[in-house]
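Sequential numbering from 1 applies to the sequence shown in UniProt numbering.
Don't take every hint at face value.
What the hints assert, rightly or not - Here are the simulated EDC-like cross-link-like pairs (lysine to aspartate or glutamate), alpha carbons at most 16 Å apart as the crow flies:
| hint | residue 1 | residue 2 |
| --- | --- | --- |
| 1 | 95 | 139 |
| 2 | 144 | 121 |
| 3 | 130 | 145 |
| 4 | 55 | 72 |
| 5 | 132 | 97 |
| 6 | 140 | 92 |
| 7 | 193 | 204 |
| 8 | 137 | 92 |
| 9 | 561 | 602 |
| 10 | 144 | 92 |
| 11 | 98 | 124 |
| 12 | 214 | 246 |
| 13 | 28 | 9 |
| 14 | 214 | 252 |
| 15 | 619 | 647 |
| 16 | 95 | 145 |
| 17 | 140 | 88 |
| 18 | 595 | 648 |
| 19 | 144 | 124 |
| 20 | 132 | 145 |
| 21 | 98 | 121 |
| 22 | 15 | 25 |
| 23 | 133 | 97 |
| 24 | 619 | 594 |
| 25 | 561 | 656 |
| 26 | 128 | 145 |
| 27 | 140 | 97 |
| 28 | 214 | 157 |
| 29 | 561 | 614 |
| 30 | 144 | 97 |
| 31 | 193 | 153 |
Quick caveat, the hints were computed from the structure, so don't treat them as lab data.
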Amino acid sequence: MLHVLASVEEQLILKGVKEECNWEDLPKRLQAALNSKEEWHKSEVYKEGECYEEKLRYLRRNLALFPYHLADYFCRVMRMSPFRYYCDMLFEVMKNEKPYDSIPNFSAADALRLTGVGRNEFIDIMNKCKSKKFLWKLDKSIAKELLPTQPVDFVIEPWWAVCLKLTEEEMATIDKIREEANSFILFDPEIIKGLHRRGLVYFDVPVYPDDRFKVSRLEGFVSNREQSYEDPIEELLYAVFVVSSENSTVAELSATSQADLSQLQEAASFACRLGWAIKLIDPSSILQDPNVPGSPKSILSDEEDGSNASLGSANASTDANVFQQGEIPWAENNISGSGYGGIAFLVDANITSYLMMESISPGLKSHAVTLYESGKLGHASIADLCNDLSTLEGTKFEGELQEFANHAFSLRRVLVCLTSGGVPAEEVEKITIKSSKSDDATSLMDISFTENSRDSSTNDFEINDENLVHPGTPKECSDERKRLSDLDVAKGLKKQKNYRVDILRCESLAALSPATLDRLFQRDYDIVVSMVPIPPSVLPGREGPAHFGLPSPSSMTPWMKLVLYSAMASGPLSVVLMQGQCLRMLPAPLSGCEKALLWSWDGSSIGGLGKKSEGNLVKGSILLHCVNSLLNHSAVLVQPLSRYDLDEAGRVVTLDVPLPLKNSDGSTAQIGEELGLSSKEMFNLNSLLAGLANKMSFSNVGYIRLLRCHACI
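Sequences are here, hints too, so could you generate the full structure?
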C-alpha cells in the first residue's frame with residue numbers, strides 16, 4: 001500500500017514538473033509530502049552540471065558545432081576543449097562507420113581547422129582501420145589512436161580574447177589574463193600557443209553590436225550534403241553571408257535580416273574563427289587604447305618630458321611592427337564608399353559550375369565555392385576574380401571546356417565594364433595607360449622641383465619690381481605640374497565614376513524574406529544588373545535601385561519564341577504538346593526528323609548546365625521516349641530538324657545578335673561581313689533584323705539567337 005502511495009506521489013511530482021506548476025498551484029497532498037518550497041524547486045529544476053552534460057550528449061549525438069557561446073562552462077568546468085570535442089565527434093563517426101558526408105558542413109569545417117582531419121584524412125584513417133580486418137571489428141578504439149593528439153596551428157587574430165581554462169582558485173594565480181584587457185596581442189604568441197596546446201587556455205572571439213566585418217573567401221569550406229541534423233546557426237550564417245556589408249555594423253545587419261542580435265553575434269564570432277569574416281578595426285581605437293603597447297596614449301599618458309616622449313615614439317615605431325600592413329584591415333577598408341556606386345550583379349548557380357572546372361583555371365575554384373555557398377562574392381574579391389579569369393585569354397580548349405572558357409572570358413569583360421561605370425574594357429586600358437603616363441610626368445616634375453630647390457639653397461633668386469620669380473624657379477615648376485593636372489581633367493581621367501560590384505546568387509536571394517531583400521537592395525546598391533531570368537520575388541521593388549535585365553521572366557519561356565515567330569511570320573516548325581499526353585507514335589511533323597530541339601515548358605529539367613533557354617538536342621530515334629518522359633510533368637515544345645539544318649558535326653547552327661538592334665541614330669546595325677556570308681545571305685539576314693527591330697521594341701540588354709533552318713514556316 002505504501003508503494004502504491006509513493007507511486008502516486010511520484011506521478012503527481014512528474015505531472016507538476018511537466019506542467020511547470022508553481023508551489024502555490026500544487027495539490028495540498030503533494031505540498032505536505034514535499035514539506036517545503038525549496039524541496040519542490042530541487043525536484044523541478046535540473047542541476048547545472050546535469051543540464052550541461054545532457055546538452056553535450058545531445059550536441060555530440062547530432063554532430064553539432066562546439067557551443068562556443070557556452071565555452072566558459074564547457075572549457076573551464078567540464079574540461080572539454082573544442083579540439084577534444086571534435087576528436088570525439090570524429091571517433092563516433094568512424095566507430096559507427098558513417099560516411100564523412102554525414103558531418104554537417106560547418107562542423108566539418110571547424111573540425112578541419114582544429115584537428116587537420118578533412119575528407120582525405122578521414123578516408124585514410126578509415127582505410128587503415130579496415131585494413132586490420134578482424135581486429136577492427138573487435139576493437140573500434142584503434143581509430144582513436146590514429147586521430148591527432150594536439151590541435152594544429154591555426155590563425156589567431158590579434159583582437160581575440162585569451163581566457164583561462166582554470167578553476168577560480170587557479171585563476172587567482174594569474175592576474176594578467178584575468179584583467180579585462182586580455183587581447184592576444186598583449187601576450188607572447190608562443191607562450192599562449194603552448195598553453196592552448198596543453199588545454200590551459202581557450203580563445204574567445206568577442207563580437208559587439210557596433211563591430212563591422214567583411215566576408216572573405218570561404219577557404220577550407222567543407223560541403224557535405226548527407227546531413228541528418230541542421231544546426232540553427234547554419235541557416236543564420238548563410239543569410240548573414242548574403243546581407244553582410246563592411247559599411248554596416250552587426251546591429252544594422254540584425255535590423256536588415258530581422259535576426260536576433262545575440263544570435264547574430266554568435267554567428268559572426270564563428271565566421272571569424274574560421275577566417276571567413278574579417279573584423280574591420282578602427283585605427284583610432286587602437287591608437288588611443290592605453291593597454292596596447294606603442295599607442296600614443298600609453299606612451300604619453302604620464303606627461304613625460306621631451307626626451308622620454310621621443311624614446312617612447314621610437315618604441316612605438318618598433319611595437320607597431322606587430323600590425324603589418326595587410327594583416328589588419330585599417331580605416332581604408334572601413335571607410336564608407338560614398339564616392340562609389342553600388343552594383344548588384346545577379347547570377348544563378350550555373351556560373352559557379354563554370355568556375356568550378358579546375359581544368360580551366362584552378363584559382364577560380366575558391367571564388368566558385370564562396371559564391372555558391374555564401375551566395376555573394378564581395379567587391380573586394382572582384383579584382384582577384386578578374387585576374388584569375390584573365391589567365392584564360394588566348395588559351396584553347398577542346399569540346400565543352402572551350403564553351404566554359406568563353407563564358408569566363410565574357411564574365412571578366414562584364415565585370416570590368418561594370419566596375420568602371422560602363423566603360424568598355426579597351427577604354428579602361430587606354431585610360432590606365434594615360435593615367436600612368438600622367439603619373440610619370442608628375443614624378444618627373446617632382447624630380448625637377450627637388451633639384452631646383454637644392455640649387456636654390458646656394459644661389460640667390462633674382463626678383464624684379466613686380467616680385468615675380470624668373471623662369472626656371474620652383475614656382476614655375478609647380479605651375480607646370482598644375483597645368484598637367486588640369487590637362488588630365490580635360491581628358492576625362494577624373495570624370496570617370498567607379499562602382500563597387502557585388503556578385504549575388506539569385507537562389508540565395510530567394511531564400512531571404514521580401515522585406516529583408518528590399519532593405520538589402522536599398523542599403524547597398526544603386527543599380528541591379530541580372531544576366532539570367534530572375535523571378536519577380538527576387539527583383540527590387542519600385543522604391544529600390546534601377547534594374548537592368550529581362551523585363552519579365554516569361555521572356556525566356558517558350559511563349560516568347562512563339563510570339564517572335566508569329567510577329568515575324570517566320571521561324572522553325574514548332575510543335576506544342578500538352579502535359580499529361582502519352583504518344584504511341586510521333587505525329588507527322590516529328591516523324592522522320594534527324595534530330596529535334598526540346599524545351600520543357602517550366603524550364604526545370606531540360607537544357608543541362610547553363611542551357612535551359614537553349615533546349616536539348618536529341619536524336620530522332622529516341623525522340624518519342626524523351627517526349628513522353630517530359631510530358632509526365634510539363635508541357636513540351638518540339639522543333640524537328642532535318643540533316644540540312646545541321647552542320648557537319650551534327651550540331652545546330654546559331655547566330656547571337658546583341659541588343660539593341662538599332663543604333664543610337666535609329667539605323668539598324670548591318671552584320672554578316674565578319675561571318676563570311678554571301679551577299680544574298682547578308683541581305684536576308686539584315687532584312688530579317690530590320691523587320692524585327694521595327695515590329696518589336698527591343699531596347700534592353702541581352703541578345704537574340706537566330707537558328708539556321710533549311711525550311712521555315
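To see whether the hints hold, each was checked on the structure:
1. 95 to 139: Holds - the C-alpha atoms of residue 139 and residue 95 are around 9 Å apart, at most 16 Å.
2. 144 to 121: 13 Å, holds
3. 130 to 145: Holds, at roughly 14 Å.
4. 55 to 72: 14 Å, holds
5. 132 to 97: 14 Å, holds
6. 140 to 92: 10 Å, holds
7. 193 to 204: Cα-Cα ~14 Å, so holds.
8. 137 to 92: Holds, because 15 Å separates the two Cα atoms, which is no more than 16 Å.
9. 561 to 602: 14 Å, holds
10. 144 to 92: 9 Å, holds
11. 98 to 124: Roughly 14 Å between the alpha carbons, so the hint for residue 98 and residue 124 holds.
12. 214 to 246: Holds, at roughly 5 Å.
13. 28 to 9: Given pair residue 28, residue 9 holds - Cα atoms ~12 Å apart, limit 16 Å.
14. 214 to 252: 14 Å, holds
15. 619 to 647: 14 Å, holds
16. 95 to 145: 12 Å, holds
17. 140 to 88: Holds, because 13 Å separates the two Cα atoms, which is no more than 16 Å.
18. 595 to 648: 13 Å, holds
19. 144 to 124: 13 Å, holds
20. 132 to 145: 13 Å, holds
21. 98 to 121: 15 Å, holds
22. 15 to 25: 12 Å, holds
23. 133 to 97: 13 Å, holds
24. 619 to 594: This hinted pair holds, its Cα atoms lying about 6 Å apart.
25. 561 to 656: 15 Å, holds
26. 128 to 145: 11 Å, holds
27. 140 to 97: Distance ~10 Å between residue 140 and residue 97 Cα, so the pair holds.
28. 214 to 157: At roughly 15 Å apart (the allowed maximum being 16 Å), residue 157 and residue 214 satisfy the hint.
29. 561 to 614: 11 Å, holds
30. 144 to 97: 13 Å, holds
31. 193 to 153: With a Cα-Cα distance of about 8 Å, the restraint between residue 193 and residue 153 holds, given a limit of 16 Å.
Violated hints for the displayed structure: none, as all numbered hints are satisfied.
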